[in-house]
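Trainee: Line order of the protein sequences matches chains A and B.
Its first residue numbered 55, the first sequence is counted upward by one per residue in my numbering.
Its first residue numbered 25, the second sequence is counted upward by one per residue in my numbering.
Possibly wrong hints are sitting among the right ones.
[What the hints assert, rightly or not] Quick list of simulated restraints, FRET-style, between CB atoms: (1) 338/A - 587/B: 28 to 34 Å; (2) 388/B - 143/A: 24 to 30 Å; (3) 167/B - 290/A: 43 to 49 Å; (4) 381/B - 290/A: 45 to 51 Å; (5) 167/B - 186/A: 26 to 32 Å.
[What the hints assert, rightly or not] Listing some non-contacts, in silico: residues in chain A with all C-beta distances to chain B over 12 Å: (6) 72; (7) 74; (8) 75; (9) 77; (10) 110; (11) 111; (12) 131; (13) 150; (14) 162; (15) 176; (16) 198; (17) 341.
Quick caveat, the hints were computed from the structure, so don't treat them as lab data.
Note that CB positions come from ideal geometry on N, CA and C, so glycine has one too.
In case you want the letters, here they are:
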Amino acid sequence: MIYDIRLSISHRYAHPAGNGRHLVRVLPRMFHDRHRVTAQLVEVLPEPTQRQDRIDFFGNQVTSITHVQPHDAMTIRMACRVEMAPVKPCWDVSPAVETLRHQVAGIRDLAPTSPVHFLGPSYRLSPTPEITQFARDNSSPQDTVAQNVIRLGSALHSTMTFDPDATTVDTDPAEAFQQRRGVCQDLSHIMILALQSLGIPAGYVSGYLRTLPPEGGVRLAGVDAMHAWVQAWCGHSHGWIEYDPTNATLVGTDHIVVGYGRDYSDVSPVIGHLRSSGDQVNTQSVDVACVD
Amino acid sequence: MLEAYARVAGNRDEMLGADGLVKPAWEPFIDHVSNLPPDGLADRFARGDQYLRDAGVLYRQYDEAVSSEREWPLSHIPVILDEDEWQEISAGLIERADLLEEVVRDLYGNNDLVASGQLPATLLSQNPAWLRPMVGVRPAADNFLNFLSFEIGRGPDGRWWVISDLVEAPSSVGFALENRVAMGKVFPNYFANTNVHRLAGFFQTFQKILFDMRGGSEGAIALMSPGPMNQDYAQHAYIARYLGMLLVEGEDLIVQDGRAMVRTVAGPEPLSLLWNRVPGILCDPLELDPDSLLGTPGLLDALRRQSLKTVNAIGSGVLETRALMAFLPKVARARLGRDLRMPNIATWWCGHEAERDHVIANRDTMMIGSAFSTVPLMASPDGTALPSEIDGSDADRITGLLQNSGRELVGQEAVTLSTTPTFENGAFVARPMCVRIFLGRSSTGWQVMPGGYARVSAGNDAQAFAMQRGGKVADVWVVSNRPVPKPSLLATDAATAMRRSSRTALPSRAADNLFWLGRYVERAELNMRLFRAYFARVSDGASHDTALLAYLRTRLMDDVEPTVSAIAERFGAPLNHALHSATKIGDRLSPDGMMALRGLVTMQRALEGRQLSTLEIPREISVLLRQVTGFAGLVHENMYRSNGWRFLSLGMSLERAALMSRLLAQLTAPEAPDGALDLALEIGDSVVTHRSRFSILADRTSVLDLLALDDQNPRAIRYHISRARRHISQLPGDAEGHALTQVARMVLTLETRLATEEASSFLPDVLMQVERDIWELSDALTVAHLV
């Protein structure tokens with residue numbers, strides 16, 4: 055399967071803003087076994103004064119751009135082609151949750167993929183009693199970690215109503231959970247908190263989602279902007295699995311990974327700082343076309 | 025005196041030995057104090073306090089969201105340490121400093137300590153002070169650590185223990201220096217003939233260290249402070265001034281092309297070395313805490329490219345993690361093959377079962393707190409639990425917490441600390457104390473400042489060390505039995521070079537504050553004059569409804585209520601704003617200037633508190649006016665003619681000229697009531713001049729001649745526009761060609777108009793246009809130099 059992905063993000067400022075500095079995380083990650091990026095381009099208008107590409111702590115591609123001259127709008131465009139590898143079948147070899155906790159306690163590794171980074175709390179995520187209770191109600195110590203992840207994710211999916219108007223990018227997950235409404239970001243944050251409360255390392259994944267379903271399939275939610283889902287660590291033998299609570303599904307070839315982090319703040323597509331006053335209007339559009 | 029003290033001192037006291045006798049190192053001092061007239065002590069102490077007040081040494085106190093400035097709580101009795109003991113302490117701390125360097129290098133490098141199981145991985149992965157973006161970044165300076173401080177205390181066995189490692193948090197080295205100067209005022213005849221080690225030598229060395237670190241680059245050396253709202257701002261300003269460094273805040277810096285620059289009135293200038301006093305996590309809102317308002321976006325980019333050296337490396341604050349103390353002794357044994365010379369206080373990380381059980385079992389002798397917090401347990405006003413403060417239900421709660429969130433908690437032994445004398449209510453009392461010591465790295469290794477300062481508890485409670493809780497601060501004297509070196513006060517080459525390189529740059533933000541300081545002071549002055557003129561008429565019997573007074577209120581006082589307090593607020597508010605601007609540029613205004621300003625605000629607040637009869641007002645306000653004039657005099661007679669002075673003076677001139685234009689537009693208007701012209705002369709302080717120059721009754725033309733167009737009258741619009749034009753011609757501008765900058769063009773146009781037109785043509789709408797032109801000039805100046 056090959057996808058052509060296009061993204062456009064625009065910021066409009068009420069007053070011209072100078073000395074802008076932004077970090078952009080919109081390019082898909084490189085994997086050797088999952089998806090391969092065969093062509094990629096990030097274009098910024100107006101032309102940045104400086105631009106630099108690098109890899110951040112978690113291994114995500116970051117483009118850093120600065121604009122010295124005042125400007126009243128900025129557009130970031132990304133285009134890329136990604137080849138997906140077929141999903142390999144895998145058996146559940148994850149341990150029970152209690153065993154997992156012992157495995158975590160023995161970890162002596164601080165590499166970016168180490169589960170110790172994903173135990174919480176993080177900048178956006180602090181434990182809340184309601185979500186902890188929800189996790190307790192929807193998990194079972196006898197089951198494997200992977201079974202618990204799926205069970206919790208689908209329970210969350212049935213509990214929450216997808217509602218783009220109920221929350222904003224800054225909404226606290228506890229608040230979204232109270233309303234039982236939100237978008238992929240909220241569902242992912244809540245699920246991470248729930249998993250962490252059980253002692254299961256969990257992180258935030260940002261990326262793209264196939265726009266049109268394969269023949270006979272269902273169009274998925276969250277395709278008009280960048281998407282988010284969850285990764286959970288299921289022990290040394292099983293490793294990381296990814297689950298999309300917005301669509302109540304394990305992640306397969308419909309999801310293209312951009313960034314891994316502890317929460318949204320580690321992977322936000324654009325984070326910036328500029329000297330300006332007044333409001334700012336942001337728009338985003340995404341298109342993921344299947345080429346073959 | 026001492027008998028009474030001996031009874032209160034515990035069995036471990038700094039002044040008294042186990043035998044109850046004064047220790048030899050203290051003897052000369054005790055003799056000196058005993059021979060002073062007993063009632064003279066209070067006067068001496070007051071002299072020290074006065075010095076600290078005058079020098080602006082204050083600390084900020086936080087009570088529920090509001091912060092206020094308090095006097096620096098100097099304990100006037102030093103803590104005296106024998107030189108031999110000092111050597112021991114120094115050796116122990118140097119060893120620890122080297123260990124910390126190795127540890128931090130590993131935490132941001134290979135992570136061998138975690139891989140080998142010497143440190144738990146979660147101690148870093150869950151630690152907000154371990155900055156992921158800095159992992160793998162080698163500091164441009166050779167070392168991560170170049171300036172450290174430690175807090176140490178003496179336990180019941182007489183040994184010294186490290187209580188906390190201070191890498192980036194308040195290490196207050198400036199206060200150590202201030203304490204010493206203040207003690208010189210308290211005991212003026214003591215130091216010359218005794219062997220108390222001086223501090224100046226250490227600072228000269230440190231200055232040289234910074235200068236050498238900068239190496240061949242020409243960029244500025246700056247100290248980055250969190251700003252005036254931080255409790256240590258006064259000492260940041262002080263130490264920057266003392267060492268000749270530029271004082272900056274995050275918004276003064278900008279990163280261009282991977283290079284950190286200081287935004288100055290002359291444009292961005294390169295920065296080579298930053299002595300950082302902002303917590304690491306707040307240094308760059310783009311890559312670290314996104315809510316930080318204290319940092320500089322892109323700063324980490326400059327660090328990654330090794331174009332900026334920092335003292336210490338950003339991220340080394342992770343060394344302050346409390347739980348690290350549980351593992352350092354073992355790490356040290358593995359490296360040195362023996363125990364550390366000076367141990368740190370016993371610490372148990374509750375993430376391991378055995379340690380957790382130990383803490384639960386010994387809860388009664390432990391302090392329990394956050395494993396990650398970088399605030400030492402004994403300084404922390406909350407978030408920790410002392411055994412004495414825990415009652416039954418708390419105990420259960422804490423046990424529960426330990427069992428569920430052990431990884432996030434530590435237990436630390438509650439050490440009983442030695443006592444030292446402090447003077448309270450006319451007698452010596454013994455209070456627990458701990459000592460803060462400073463180390464700087466030179467080319468030949470760590471240098472230890474021979475002195476430091478002690479924090480003395482407010483009561484017998486070890487937790488009351490925080491100054492926020494009323495604790496005091498004492499100077500620490502290291503006493504030798506041989507004569508001590510007396511460092512020359514002459515500037516070293518490094519000092520001279522440092523000053524030359526750093527003091528010339530004027531950050532835009534500092535210039536902006538100076539500019540507004542000038543504007544606010546003038547605004548206050550004019551409103552005082554209006555206030556005096558208004559109430560002079562009221563006390564002569566005029567009612568608030570008389571035509572002239574009503575006209576004044578509607579046209580020049582924004583329809584203020586006719587009450588003393590409402591009208592007084594019109595100068596009270598700008599005075600407070602002026603003080604606020606001044607506190608933001610603590611390092612650029614002379615102590616005299618600051619004092620004059622503080623004096624003014626104090627006086628104005630005192631006036632506010634009193635019920636003034638209308639008869640008293642003119643006299644009282646005249647005193648206040650003389651003070652303002654005094655401040656203006658200081659500015660023009662005492663300040664060095666730097667760009668900073670130019671912006672201050674520009675602010676004063678533009679404000680005065682603009683307000684005079686507004687005043688004249690209203691008071692020379694055809695509809696102005698009788699007496700308006702005399703009032704203009706009175707407010708313009710030009711009654712006498714008018715009489716001598718015109719010797720006739722005031723008319724429109726004569727008033728405008730004198731207050732608008734005169735180039736010799738320091739109250740006239742033209743006088744100040746001319747002065748502004750001269751200042752502007754001296755400001756850094758486009759060096760290309762002879763074309764005037766936009767600001768220069770604007771001020772010249774305005775000056776020419778004032779010089780060439782007749783008084784009769786200055787009708788009210790023309791004057792109002794002049795006022796608008798001045799504000800536009802001010803805006804253009806701001807855009808060109810101050811943002």
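Trainee: Do the Cβ positions of residue 388/B and residue 143/A conform to the proposed distance bound of 24 to 30 Å?
Mentor: Violated, at about 58 Å.
Trainee: Taking 12 Å as the cut and beta carbons as the points, is residue 162/A off the interface with chain B?
Mentor: Incorrect as stated: the minimum Cβ-Cβ distance to chain B is 5 Å, not above 12 Å.
Trainee: Is residue 176/A truly not at the interface, in the sense that its beta carbon sits beyond 12 Å from all beta carbons of chain B?
Mentor: violated, 9 Å
Trainee: Taking the shortest Cβ-to-Cβ distance between residue 74/A and chain B, state whether it exceeds 12 Å.
Mentor: violated, 9 Å
Trainee: Please confirm whether residue 77/A is truly not at the interface, meaning its C-beta sits more than 12 Å away from all C-beta atoms of chain B.
Mentor: violated, 6 Å
Trainee: Can you let me know if the beta-carbon spacing of residue 167/B and residue 186/A is within 26 to 32 Å?
Mentor: violated, 44 Å
Trainee: At the C-beta level, are residue 167/B and residue 290/A separated by a distance inside 43 to 49 Å?
Mentor: violated, 38 Å
Trainee: Mind verifying the non-interface call on residue 75/A? Its CB should be farther than 12 Å from each CB in chain B.
Mentor: violated, 5 Å
Trainee: Starting from the hint 45 to 51 Å, judge whether the C-beta atoms of residue 381/B and residue 290/A obey it.
Mentor: 27 Å Cβ-Cβ, so the 45 to 51 Å window is violated.
Trainee: Over 12 Å from every CB of chain B: does residue 111/A meet that, or does the non-interface label fail?
Mentor: At roughly 4 Å from the nearest Cβ of chain B, residue 111/A sits no farther out than 12 Å, so the non-interface label is violated.
Trainee: Does residue 110/A really sit off the interface, with its C-beta more than 12 Å from all C-beta atoms of chain B?
Mentor: violated, 7 Å
Trainee: Closest CB-CB distance from residue 72/A to chain B, is it above 12 Å?
Mentor: The claim is violated: residue 72/A sits with its nearest Cβ about 9 Å from chain B, within 12 Å.
Hint check: violations occur at hints 1, 2, 3, 4, 5, 6, 7, 8, 9, 10, 11, 14 and 15; the rest are consistent with the structure.
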